[in-house]
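Undergrad: Listed here are the chains, written in short residue letters.
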Amino acid sequence: MQGTLDLLILRTLQRGAMHGWGISQSIYMVSREVLQIKEGSLYPALHRLERQGWIQSEWGQSENKRRAKFYELTPSGSEQLVEETAYWERFAEAMRAILELG
Amino acid sequence: MKKLLYSLRRQIFTNRWEDELDEEIRFHLEMSKEQKMAEGMTEKEARQAALKDFGGVQQYKESTRDAWGLRILRDTLQDIGYAFRQMRRHPGFSIIVIMTLALCLGANTTALSLLKSLIIRPYDYPEAERVVMVGTRYAKLPEYSQTVAELSIPHHLFLEEKLQSFDSFGFLQSLRSGDLEAEGGVERVEYDQVAGGLWGAVGVQPILGRTFTEADVKLYGHRVAVISERIYKRMAAAGRTVLDEDIRLDGETYRVVGVMPDNFYMGMGKAALWIPRDLHDREYNRGDHSFSSVGRLADGVTLEQARTELKQLYEGFLELYPQERDEATTSGKTFDLVTVNDSVTQVVPMIKVAFISFQIVTAMVLLIGCLNVSGMIMIRGLARLRELAIRHSLGAGKFRLARQLMTEIVILFLFGVVGSMFVVEIFLKLALMVNIDEIPWGQPFRMDYDLFLASLGIAIVLALVTGSLPVISVLRSNLQGLIQANALTHSGGKGKHRIQALFVIGQVAFSTLLLVLSGVSLLNLNAVLNRDIGFDRQGRIAVQIPLPNYRFGRGQEAYLDQKEPFRRRVIERMSSLPGVLSVSAANRIPGSPYNMGHSGFSMPHYVFGKDELHPNALRNNISPGFFETLNSEIVMGRDFEDTDTWNSRKVVIVSKSVVDRYFHGHHPLGMTLKFWGEDLAIVGVVDDIQDKPFFLPESEHTLYFPFSQWDMYAWSTTYMLKVAGDPDDYRQTIRKVMLELDPNITMEMQSFDEIFEVMVFAQKLPMQLTLMFSILALFLTSLGLYGLVGYVVTERIREFGIRMAIGATPGSILKMVSSWSCIRVAIGLVAGLIFAAVCCHFLNPVFQDIDAMNPLVFIVAAVIIAIVAMIASLMPTLRAVRVSPAQALRYE
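If you're matching them up, the sequences are chains W and G in order.
The numbering used here puts the first residue of the first sequence at 458, with every later residue one more than the last.
The numbering used here puts the first residue of the second sequence at 34, with every later residue one more than the last.
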């Protein structure tokens, strides 16, 4: 579970800096039904990713003038995203092959 | 690296970071709420839905914090604070747990301490594994084949010259007696004589001054000394500077050059001072094996290598002294070594067994204590389950709760460790009181650093193990379900019941084992106490008055002109005292561990078989009337008489075992015995007596010689008195009268009962300890059983209430609960008995006087356990049954 959430966060942030709420909307719109994670679990993931240096944060102003923390990808985060994506694609391929073999 | 920086920053700016996290989450919730309101919910609904979608706020806050690695320190501090608050809120429980732990841990640590100072490391020298005693081994003599025994001066000098394996090699004659004039009069002390590189071998540094070197010995002509701290303190208290001052020993002046620490000793006991010995002042007898050689292995040399060299060197010795070849062949004699720390227990293996058993006993008690504590905590923890459940619903993770529980347990154990230090102090003081310093060796028992660390380590490991049971219970329980069910019962039933059963069975089994062991030790002690020792101890007292050479002279003439007459005067004077029924003298007290000289002997009429071993007998020089004073039976012939003088035919009295062994079909009286090169006529045969303490391996034979015909060992004469009434009443009179006779003598008095205490020490002490601990174990077990049954009853109180409401009698409820506990106790009992039977089977050779598998002990132990267990489990049940059904139903 951890791995997939991390990947989703990185992918979301590839499109640009976002605050926590925005990230959650983006992810859960896509995968809420499938993944069934609570929104709150986003924050430990965000902070873990930040600790590992793949994203960085900055306080700023949200669209409705509220103070919010914004996250964006770092260069090493981009690299990590590329690697992780490649891995998942290989994994999906293998699963498909096995399932088709039956 | 980046991670480290982030963590550090977060650690420092904690508060600000926490506020930021709060704000971040608040923002999220606000946005979520607004979105839902836009979809049509009321504000209240929206807020609740937002929370629901988010999940456990607290949980994720904590998880987030977790992600930052801040957690451990903060949470641990919080846990500790919480644990303290819990303890204060339930003082009774905490005190019981802490006391239980203190007692059990304390006992265990005491056992470890005793084990260490008596068995494992009696000599605390630097690198003691490389310090060895070098001596002789008689591989073919059954009594001596397992030990390295002393050697003679010629042997030592030979080794000193030829040995390569040792860095330092020296000579020791331990525990000679002498009169010391230090401060405050004459005191009879024990001192060691030292030669060669002994100080280097031992390696202990003096606390003041220095140990004497070759140069010192040359300078002072062997009149130089190192004294013990005890003597130093006495002299310093009287205002003397001590170092470079003189003291007088046996009339000779010695210059003090150094002071050794109080807990230092060599050989088998604590000497008051150490002086050099000149090994070259005359020709020494190769037969007198009263000396020890001690060496420190050179770097890189192993014990085995040194041992090989010693064996080879013995061959070389035989070439120089071919006279020894016969003895060497029959007895398998050779040079051998043993580390100093092993040299003690090789002589008294029974003591080793005794103390190791003690350690096992305390370890078992400790286990019972931990089981008890574990059970108590579990019961308490389960009772607090509702509280835990509420906290869980507020977001505390299960893992967090478990950690908190574990922290409480560890803190209880740490308090237990602190308490155990006090317990150890008390136990060690008790050990000293029990006269353990009668054993001729042993460090002062004290706690040292290693033991404390070991004890702490054990406590922490045990805390984790003990805590694991309750913690697992918590982790596996359905905390959420609990709030809804609103009852004290909780799921995980099967596992819980198994744990409870294990708890009861384990404790009962251990207690049974301990009880059986104490019963067996009791029987053993009883048997030993009732053994016929061959003489009477009631109304007898021994007075030791040495006759030092420096006052009475040395040699045959002095013996006949001064010492013998003095001895007669003493006996005369003592006999004339009112109440004294009989007086005689000997050079050793029967049953005492001191003055145990052995020698070989032979009989011309007896031809030894090819591989038959020559006998060794205990020597005792006595005056006429000795056997009468002791009330030992002379079965044949006569006692020594005044007609046995220096110039008349040399005579000997033998113990019955000699006759039984070597005089089949011969009448012993009048026959010859060869001893020390002389022919002795056997004039009497006396019943075997218990010659040695029970903890030493028995010797078979004793030979008695009259004082009037041998001048050896005159300096340690002990007078035995048979008196009317209590011997202790005579002490003062005896002292006064003897000092009148000669104001400069020293004397030591011991009643035979005191001596007997030392003799049975190795049976009595373990018995007392095992008994004490099995009572403790029994108490702990019943406490635990009481608590557990109480809990089980409380758990099912609603059920009982319902049953009684629909007509069940209190009796039937009682039966239900009893059967529950009975089964478990029975299983524990059976397990314990089986375990005990196995142990006793292996211990049978140790308990020589009894059959350790005596069924009586097992039956009695089983009955005691059954009764105690029944009472312990019945009491809470009765309480429960007396509650009315209505009350029970309302119980929550």
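It is worth saying that the hints were derived from the structure and are not from the lab.
The C-beta atom is built at its ideal place from N, Cα and C for all residues, glycine as well.
Errors might be hidden in some of the hints.
Stated by the list, open to error - Ranges between beta-carbon positions, derived for each pair:
#1 W:Ala551 to G:Asp483: 42 to 48 angstroms
#2 G:Gly490 to W:Thr542: 47 to 53 angstroms
#3 G:Leu447 to W:Gln518: 47 to 53 angstroms
Undergrad: Each hint should be assessed against the structure and marked as holding or not.
TA: We went through each hint and held it up to the structure:
{"no.": "1", "hint": "W:Ala551 to G:Asp483: 42 to 48 angstroms", "in the structure": "57 angstroms, violated"}
{"no.": "2", "hint": "G:Gly490 to W:Thr542: 47 to 53 angstroms", "in the structure": "50 angstroms, holds"}
{"no.": "3", "hint": "G:Leu447 to W:Gln518: 47 to 53 angstroms", "in the structure": "52 angstroms, holds"}
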